[in-house]
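These protein sequence lines map, in sequence, to chains X and H.
Residue numbering for the first sequence follows this note's numbering, beginning at 14 and increasing consecutively.
Residue numbering for the second sequence follows this note's numbering, beginning at 474 and increasing consecutively.
You may find that some hints are simply not true.
[What the hints assert, rightly or not] Chain H stretches covered by chain X per the calculated footprint, using a threshold of three residues with CB under 8 Å from any CB of chain X: (1) 653-659; (2) 667-679; (3) 756-764.
[To be verified] Stretches of chain X that chain H covers, calculated by requiring three or more beta carbons in the stretch to come under 8 Å of a beta carbon on chain H: (4) 79-88; (5) 117-128; (6) 176-188; (7) 192-201.
None of these hints come from the bench; they were simulated from the model.
All C-beta atoms in this analysis are idealised placements derived from N, C-alpha and C, irrespective of residue type, glycine included.
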Amino acid sequence: MNLGFLCSTAEPWPENAALYQQLKEEQILLSDNASSLAVQAFLQMCNLPVRVICRANAEYMSPSGKVPFIHVGNQVVSELGPIVQFVKAKGHSLSDGLDEVQKAEMKAYMELVNNMLLTAELYLQWCDDVTVEEITYPRYGSPYPWPLNRILSYQKQWEVRRKMKAIGWAGKTLEQVLEDVDQCCHALSQRLGTQPYFFNKQPTELDALVFGHLFTILTTQLITDELSEKVKNYSNLTAFCRRIEQQYFEGHEKDSSTTAAHSSKRSLLR
Amino acid sequence: MGCPGGGGVTLPRAIHGKPAWCHGLVDTAFGHPAGGDDLTGLLRPGGFGLRERQAARPAARSPLPAARSPLPGHEARPHLLADGPQFPRVFNATSGALFYAFLTHCEQVFSPALQSLLQAYAKFSGAPLIVNTINNCRRAPKGDLPVLVSEDTVVSQPAKILNFLRRQKYNADYDLSAKQGADTLAYIALLEEKLLPALLHTFWIESENYCSVTKPWFASRIAFPLSLYLPGKMSREALNRILLTKGGPPLYSLTEVEAQIYRDAKECLNLLSKRLGTSQFFFGDTPTTLDAFVFGFLAPIYKVCFPRVQLQEHLKQLPNLCRFCDDILTCYFRLTVSGHSPAGQDTADANLQKLTQLVNKESNLIEKMDDNLRKSPQHPPRKLTTLKLAAGGEESSPMSRLSP
Numbered sequence: 014m015n016l017g018f019l020c021s022t023a024e025p026w027p028e029n030a031a032l033y034q035q036l037k038e039e040q041i042l043l044s045d046n047a048s049s050l051a052v053q054a055f056l057q058m059c060n061l062p063v064r065v066i067c068r069a070n071a072e073y074m075s076p077s078g079k080v081p082f083i084h085v086g087n088q089v090v091s092e093l094g095p096i097v098q099f100v101k102a103k104g105h106s107l108s109d110g111l112d113e114v115q116k117a118e119m120k121a122y123m124e125l126v127n128n129m130l131l132t133a134e135l136y137l138q139w140c141d142d143v144t145v146e147e148i149t150y151p152r153y154g155s156p157y158p159w160p161l162n163r164i165l166s167y168q169k170q171w172e173v174r175r176k177m178k179a180i181g182w183a184g185k186t187l188e189q190v191l192e193d194v195d196q197c198c199h200a201l202s203q204r205l206g207t208q209p210y211f212f213n214k215q216p217t218e219l220d221a222l223v224f225g226h227l228f229t230i231l232t233t234q235l236i237t238d239e240l241s242e243k244v245k246n247y248s249n250l251t252a253f254c255r256r257i258e259q260q261y262f263e264g265h266e267k268d269s270s271t272t273a274a275h276s277s278k279r280s281l282l283r
Numbered sequence: 474m475g476c477p478g479g480g481g482v483t484l485p486r487a488i489h490g491k492p493a494w495c496h497g498l499v500d501t502a503f504g505h506p507a508g509g510d511d512l513t514g515l516l517r518p519g520g521f522g523l524r525e526r527q528a529a530r531p532a533a534r535s536p537l538p539a540a541r542s543p544l545p546g547h548e549a550r551p552h553l554l555a556d557g558p559q560f561p562r563v564f565n566a567t568s569g570a571l572f573y574a575f576l577t578h579c580e581q582v583f584s585p586a587l588q589s590l591l592q593a594y595a596k597f598s599g600a601p602l603i604v605n606t607i608n609n610c611r612r613a614p615k616g617d618l619p620v621l622v623s624e625d626t627v628v629s630q631p632a633k634i635l636n637f638l639r640r641q642k643y644n645a646d647y648d649l650s651a652k653q654g655a656d657t658l659a660y661i662a663l664l665e666e667k668l669l670p671a672l673l674h675t676f677w678i679e680s681e682n683y684c685s686v687t688k689p690w691f692a693s694r695i696a697f698p699l700s701l702y703l704p705g706k707m708s709r710e711a712l713n714r715i716l717l718t719k720g721g722p723p724l725y726s727l728t729e730v731e732a733q734i735y736r737d738a739k740e741c742l743n744l745l746s747k748r749l750g751t752s753q754f755f756f757g758d759t760p761t762t763l764d765a766f767v768f769g770f771l772a773p774i775y776k777v778c779f780p781r782v783q784l785q786e787h788l789k790q791l792p793n794l795c796r797f798c799d800d801i802l803t804c805y806f807r808l809t810v811s812g813h814s815p816a817g818q819d820t821a822d823a824n825l826q827k828l829t830q831l832v833n834k835e836s837n838l839i840e841k842m843d844d845n846l847r848k849s850p851q852h853p854p855r856k857l858t859t860l861k862l863a864a865g866g867e868e869s870s871p872m873s874r875l876s877p
């Protein structure tokens, strides 16, 4: 966690703040796209302008090895959690109006999304053999020449599989993982109910995170549609995604990821 | 996580060989190997599961609801399970189905948390469980522990065990709304993400704790020569898990990772405390799955006496969480807060009696010496007010005479 930003609270948010991620059309994977979209949504909700810059080596530029990361002034901060804290130190916060119990709930739900949805996305793209062969390997190493692309892919796959084994997901089958996703979506759907946002009238970082993951799942074409079907079962979640897309991303065509995508790996939300 | 190698079934061990906290928590160490290798023979009469089942079902909700285990008139017998289908009938809130289950487990890396969790859930929902302890993971039906065996089905992971119990209509979440069910899932994820690494660290990686408490405890329960290898293996796995999930850049050294995970754990405890507030359980007056999970994670932190206890100290600053643990222990595990079971209380009373008898004998001796002193010519006769030869009856006067 980058604690150096605490000394930069006096500076206002600059105009040239940049968000770095991997190449949108050819390289970025499901989980990274979800995280990046979550951060973009959060910054939009805070009304903080940011440019999205795509670089092939974004993962290596990041201080923690994870995308996305933002470059603001002379600070570099990566991942949603530290970015939220950094933005709060600058004086913008979405969750100030919540009381203590609600803040606890919000943090718990964010952990649920990270624990279940993000891990399921990682499992699907690195541990499911069909997806790995057909989608992940070609995409992950695409900016690099052979044999570097294969070596980097194998290395990353080995790392992710080690982590899955440590947390006990290595023994799960795809059906079990999809069931976990379903359970998570069910919980989110129950929590959302008929409200516009998770904490009634105002969006919070939880809304940004959920939007990032669910929108990516809904709009990414994989080998099968099973994952997106699980999310489509819950109509209030799809309505939630559409609402946030319309409110925060329409009219920001250049920055958002809902730009008409010509690659075969994307399909627009209908 | 099956472990290799053979080992005997659990043999009864003397209480003094076990760490102190086990007496205060769930004591399931003793099995009587009545059937030799047969798992069904491992039954401890008067064990916690059985004692719970003798409690009568409460008619109305009391402030601290008693365990919903309605088996009046049942007496625990070691050979009960060998009788097979004669297992006592169970009536629960929704059906009168005949039900039979026993749970086997042995200590593993998560076991203090998991065994407390599952037994707490079973007690909250009224499922009759017999808890068996085995030392050898291979003896469990699937080689994977903890395991629930019920009639023909074998269920092996905690989440699945809870689902199984729910499908059998032992549902502690019956009264919860859908939103509360979703909250349960979210808080469980929070516990696993934030609190579990610190728990693992306290038990397995902190070198003082590991060497003085965890390793001897586990090694004493596992058969030689596995006891030389398994604790080390569990410790390495715990370290691996922490480093892989929490140890990415920019945290490069173990001390930085430790600082981060303890910060996270303390924040998690604060969040739980805020969520609990002043109510008795997390969702009102009756305990639910979330209470079982929180209890399962908090009880080892709260009760085990470690040399390095920063998490325990932080927990003790949150009085509502301490009260929550104590309530569940006294109400559902029939233990007093000081950690003595009622049987233990009897032995304590017996010890106290012996002590007072010793003290009386001492006081008699001292009085005789006093008499001799008085009779000696050097000292003038002293006026003695309360000199009485206590005949081994009341202990109060000798005690008061002995006090300075």
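Each hint tested on the structure:
1. Look at the stretch 653-659 of chain H against chain X: 5 of its residues bring a Cβ nearer than 8 Å to a Cβ of that chain, three or more, so the hint holds.
2. Counting residues of the stretch 667-679 of chain H whose beta carbon lies closer than 8 Å to any beta carbon of chain X gives 1, which falls below the threshold of three, so the coverage claim is violated.
3. Counting residues of the stretch 756-764 of chain H whose CB falls under 8 Å from any CB of chain X gives 0; the rule of at least 3 is not met.
4. Check result for the stretch 79-88 of chain X against chain H: violated, 1 residues qualifying (beta carbon to beta carbon below 8 Å, three or more required).
5. Residues of the stretch 117-128 of chain X with a Cβ under 8 Å from some Cβ of chain H number 9, which satisfies the need for three, so the listed coverage holds.
6. Remark: the stretch 176-188 of chain X is confirmed as covered by chain H, as 3 of its residues place a Cβ nearer than 8 Å to a Cβ of that chain, reaching the required three.
7. Chain H is given as covering the stretch 192-201 of chain X, and this holds because 5 residues of the stretch bring a CB closer than 8 Å to a CB of that chain, at least three being needed.
Hints 2, 3 and 4 from the list above are not met by this structure, while the remaining hints are.
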